[in-house]
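K.L.:
Our numbering applies: residue 3 is where the sequence shown begins, and numbers increase by one.
Treat the hints as calculated values from the structure; they're not laboratory data.
Accuracy of the hints is not assured; some may be wrong.
To be verified - In silico BS3-like links for lysine-lysine, alpha-carbon gap of 30 angstroms or less:
no.	residue 1	residue 2
1	163	140
2	340	134
3	134	227
4	321	290
5	578	499
6	239	340
7	290	185
8	177	102
9	134	163
10	140	211
11	557	677
12	578	677
13	677	211
14	239	321
15	134	161
16	185	140
17	290	134
18	300	134
19	112	134
20	163	102
21	177	340
22	177	239
23	290	112
24	227	163
25	297	185
26	300	185
27	227	340
28	499	185
29	177	161
These figures come from a predicted structure and were not determined experimentally.
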Amino acid sequence: MVKVVINDERGVMVVVKDTYEDDRVEVSGMGLESGVVLWGFFKFIYQGMMPTSLGKSRSAARRTLFPNFPSPKVQIWGLLICLISQFAHGFYLPGSYPHKYVIGDPLSVKVNSLTSIDTEIPYSYYSLPFCKPPEGVKDSAENLGELLMGDRIENSPYKFKMYTNDTQIFLCQTKPLSSEEYKLLTNRIDEIYQVNLILDNLPAIRYTKRDTYYLRWTGYPIGIKVQDAYYVFNHLKFTVLVHKYEETNVASVMGTGDAAEAIPVGKPESDIPGYMVVGFEVTPCSVKHNPESLKNLKTYDNYPSTISCEENTVNMAIKENEPIAFTYDVTFVESDIKWPSRWDAYLKMEGAKVHWFSILNSLMVITFLAGIVLVIFLRTVRRDLTHYEELDKEAQAQMNEELSGWKLVVADVFRAPDNPALLCVMVGDGVQILGMAVVTIMFAALGFMSPASRGTLVTGMLIFYMILGILAGYVAIRMWRTIFCGDHKGWVSVSWKVACFFPGIAFSILFVLNFLLWGSHSTGAIPFSLFVILILLWFCISVPLTFVGGYFGAKANHIEYPVRTNQIPREIPSQKYPSWLLVLGAGTLPFGTLFIELFFIMSSIWMGRVYYVFGFLFVVLILLVVVCAEVSLVLTYMHLCVEDWKWWWKSFFASGSVALYIFLYSINYLIFDLKSLSGPVSATLYLGYSLLMVLAVMLATGTVGFLSSFWFVHYLFSSVKLD
Numbered sequence: 003m004v005k006v007v008i009n010d011e012r013g014v015m016v017v018v019k020d021t022y023e024d025d026r027v028e029v030s031g032m033g034l035e036s037g038v039v040l041w042g043f044f045k046f047i048y049q050g051m052m053p054t055s056l057g058k059s060r061s062a063a064r065r066t067l068f069p070n071f072p073s074p075k076v077q078i079w080g081l082l083i084c085l086i087s088q089f090a091h092g093f094y095l096p097g098s099y100p101h102k103y104v105i106g107d108p109l110s111v112k113v114n115s116l117t118s119i120d121t122e123i124p125y126s127y128y129s130l131p132f133c134k135p136p137e138g139v140k141d142s143a144e145n146l147g148e149l150l151m152g153d154r155i156e157n158s159p160y161k162f163k164m165y166t167n168d169t170q171i172f173l174c175q176t177k178p179l180s181s182e183e184y185k186l187l188t189n190r191i192d193e194i195y196q197v198n199l200i201l202d203n204l205p206a207i208r209y210t211k212r213d214t215y216y217l218r219w220t221g222y223p224i225g226i227k228v229q230d231a232y233y234v235f236n237h238l239k240f241t242v243l244v245h246k247y248e249e250t251n252v253a254s255v256m257g258t259g260d261a262a263e264a265i266p267v268g269k270p271e272s273d274i275p276g277y278m279v280v281g282f283e284v285t286p287c288s289v290k291h292n293p294e295s296l297k298n299l300k301t302y303d304n305y306p307s308t309i310s311c312e313e314n315t316v317n318m319a320i321k322e323n324e325p326i327a328f329t330y331d332v333t334f335v336e337s338d339i340k341w342p343s344r345w346d347a348y349l350k351m352e353g354a355k356v357h358w359f360s361i362l363n364s365l366m367v368i369t370f371l372a373g374i375v376l377v378i379f380l381r382t383v384r385r386d387l388t389h390y391e392e393l394d395k396e397a398q399a400q401m402n403e404e405l406s407g408w409k410l411v412v413a414d415v416f417r418a419p420d421n422p423a424l425l426c427v428m429v430g431d432g433v434q435i436l437g438m439a440v441v442t443i444m445f446a447a448l449g450f451m452s453p454a455s456r457g458t459l460v461t462g463m464l465i466f467y468m469i470l471g472i473l474a475g476y477v478a479i480r481m482w483r484t485i486f487c488g489d490h491k492g493w494v495s496v497s498w499k500v501a502c503f504f505p506g507i508a509f510s511i512l513f514v515l516n517f518l519l520w521g522s523h524s525t526g527a528i529p530f531s532l533f534v535i536l537i538l539l540w541f542c543i544s545v546p547l548t549f550v551g552g553y554f555g556a557k558a559n560h561i562e563y564p565v566r567t568n569q570i571p572r573e574i575p576s577q578k579y580p581s582w583l584l585v586l587g588a589g590t591l592p593f594g595t596l597f598i599e600l601f602f603i604m605s606s607i608w609m610g611r612v613y614y615v616f617g618f619l620f621v622v623l624i625l626l627v628v629v630c631a632e633v634s635l636v637l638t639y640m641h642l643c644v645e646d647w648k649w650w651w652k653s654f655f656a657s658g659s660v661a662l663y664i665f666l667y668s669i670n671y672l673i674f675d676l677k678s679l680s681g682p683v684s685a686t687l688y689l690g691y692s693l694l695m696v697l698a699v700m701l702a703t704g705t706v707g708f709l710s711s712f713w714f715v716h717y718l719f720s721s722v723k724l725d
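Take the sequences, apply the hints, and build the full model.
P.N.:
Below you can see the structure in the form of structure tokens.
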């Protein structure tokens with residue numbers, strides 16, 4: 003980063019270079035300052051250096067010396083671009099800004115909910131007989147997304163000091179385990195629950211060696227079962243990776259006269275070295291402590307005997323009416339890992355070639371469908387229209403008696419569909435969901451919603467969904483007026499249905515699932531107060547914005563049909579095969595573009611893996627939209643060619659039927675990939691959340707198909723000249 007300081011009086015320009023550990027890390031708010039400085043530099047060159055001895059005005063001098071210099075408007079736009087670019091450089095993505103710790107500064111480890119891929123039901127860390135901090139258990143501030151995801155971040159008794167190694171630190175000895183505590187602890191071990199620790203916003207990571215390579219895990223298991231005995235991991239070996247914090251200011255001078263001098267910038271650096279946390283590793287051990295050595299020990303005292311921690315050996319068997327002692331070691335290691343790269347160990351996504359294969363597969367499907375669409379437009383439609391328009395009126399009348407195909411449904415193609423209000427509501431909600439997905443994934447791909455900021459992805463989805471209510475209301479009401487040829491009667495009722503349709507279904511599903519979580523005493527259960535907040539956000543923000551959009555939709559001009567509709571509907575000829583069979587089969591093509599990426603998304607949600615390839619996901623989303631539009635367009639044309647003018651709902655479900663295949667894939671994933679999922683409660687939670695996801699996908703993809711088909715039909719029949 004370079005800061006340019008202008009001194010008009012002395013004609014001195016001082017360049018100050020602020021060197022950081024990584025060019026992507028800057029001081030918050032530096033963008034505006036740099037923009038102002040750039041403007042000063044602009045002024046200095048454009049005005050300050052302008053000679054006045056030429057006998058001309060400044061404007062004339064500018065034209066003489068800088069004939070190609072931009073106009074004032076261009077200068078303003080250039081300044082705005084500089085400001086925007088500087089604002090972009092003022093943020094590091096992903097993550098937050100580094101925290102500088104001096105040697106001896108306290109470091110506090112936090113605990114998150116216990117999680118398991120066997121049950122998918124999170125529980126509080128302190129629901130088990132673990133050591134509690136001396137100052138008491140305190141909840142950390144959590145955002146809306148963290149609460150909805152079941153995260154419960156609390157303080158822990160593990161305390162470190164920066165760059166101070168400690169060994170054999172005694173935490174506590176629990177009371178003798180009661181029969182209920184023993185049963186609960188053994189059940190959690192059977193269900194493979196993991197302990198999730200956090201230091202400086204970094205989750206604890208664990209490495210296990212298998213053959214010639216290492217496996218990476220987040221968190222560590224509570225314990226393990228060997229034969230018929232249960233063992234708990236009661237001694238933890240922490241390794242904290244740190245990187246030295248360096249910040250220097252270097253000044254250099256550029257001048258045009260003898261008055262050039264250096265201007266001191268910034269404060270003198272402190273001689274005390276600082277460090278940043280760039281890694282947090284844990285190795286769990288099961289150690290049998292000597293009861294005699296535990297006597298008279300207080301929290302954070304040194305355990306007097308030597309603790310032998312071996313990863314492949316377990317010694318601390320848990321039994322009823324016997325206590326458990328907890329100890330830990332911490333070692334600080336200076337690392338070459340820079341602060342911006344500290345999340346690389348968590349965000350490494352194997353199988354990049356698979357993602358490229360998914361995109362290539364989608365491009366092949368799009369090319370195939372695009373060829374069909376091109377044939378329809380260039381060879382079939384254009385040929386038919388040209389031939390139809392070359393005939394005189396009598397020949398057209400005679401031809402109409404002989405022809406069959408889409409031209410015969412010209413007087414019925416825009417007849418109002420069954421349940422028009424429901425169609426408008428689903429299209430409006432689909433636009434809202436699709437817009438939310440596009441904006442959220444785009445921001446995530448830019449790094450604004452990284453895993454370093456827990457809960458921001460879900461929070462962003464909720465915010466974007468509420469804001470886009472105005473778009474949902476506008477599209478739904480304008481489509482409602484178009485179907486009824488400009489009549490806006492009933493738009494208030496339709497707007498209300500748009501605002502309540504999908505959120506109402508989502509709340510109903512979440513409410514039922516929440517009862518199951520409440521019954522299990524899980525941290526995944528949404529608190530009643532959070533339910534109230536969500537309802538207030540729904541009715542105080544989303545609903546009013548939907549009505550605002552509906553109002554503008556009612557005031558906007560409706561889309562006029564290019565042809566008139568007869569009062570008596572035309573009879574649809576009988577078909578060899580049910581048209582709905584073709585509609586359901588059409589969903590296989592969009593599913594083919596999505597299923598590879600869907601596997602990684604499902605693994606991220608249900609297997610505890612980190613999904614961070616949002617760039618791939620954004621490309622797949624765009625390709626999915628294109629495939630849905632092409633599939634629906636081709637299918638609509640096929641229905642019109644067999645004189646089936648009821649295309650409205652079929653165009654919606656032609657692309658929306660991809661949701662059916664996603665739901666079938668979810669069941670397949672449950673049976674073959676989550677085969678260890680235990681209990682009817684866990685299976686019900688999985689199917690409930692999958693149903694909610696499938697409904698959202700159906701509305702979004704169905705809307706894409708319907709709007710593309712509507713445009714195609716409108717374009718097709720606007721080209722037909724009729725009396």
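K.L.:
Now look at each hint and say whether the structure bears it out.
P.N.:
Tested hints:
1. 163 with 140: The given pair, whose Cα atoms are some 20 angstroms apart, holds under the 30 angstroms limit.
2. 340 with 134: violated (33 angstroms)
3. 134 with 227: holds (25 angstroms)
4. 321 with 290: Within the cut-off at roughly 13 angstroms; holds.
5. 578 with 499: Not satisfied, since the Cα-Cα distance of roughly 38 angstroms exceeds 30 angstroms.
6. 239 with 340: Answer holds: residue 239 to residue 340 is near 23 angstroms, not above 30 angstroms.
7. 290 with 185: holds (20 angstroms)
8. 177 with 102: violated (39 angstroms)
9. 134 with 163: holds (19 angstroms)
10. 140 with 211: Judged against 30 angstroms, a Cα distance of about 36 angstroms means the pair is violated.
11. 557 with 677: violated (54 angstroms)
12. 578 with 677: violated (42 angstroms)
13. 677 with 211: Distance of about 25 angstroms is within 30 angstroms: holds.
14. 239 with 321: holds (24 angstroms)
15. 134 with 161: Between residue 134 and residue 161 the Cα gap is close to 12 angstroms, so the pair holds against 30 angstroms.
16. 185 with 140: This hinted pair holds, its Cα atoms lying about 26 angstroms apart.
17. 290 with 134: Distance ~20 angstroms between residue 290 and residue 134 Cα, so the pair holds.
18. 300 with 134: The given pair, whose Cα atoms are some 13 angstroms apart, holds under the 30 angstroms limit.
19. 112 with 134: holds (11 angstroms)
20. 163 with 102: holds (13 angstroms)
21. 177 with 340: violated (43 angstroms)
22. 177 with 239: Status holds; Cα separation ~23 angstroms.
23. 290 with 112: The hint holds at about 25 angstroms.
24. 227 with 163: violated (34 angstroms)
25. 297 with 185: holds (27 angstroms)
26. 300 with 185: holds (28 angstroms)
27. 227 with 340: violated (39 angstroms)
28. 499 with 185: violated (49 angstroms)
29. 177 with 161: holds (22 angstroms)
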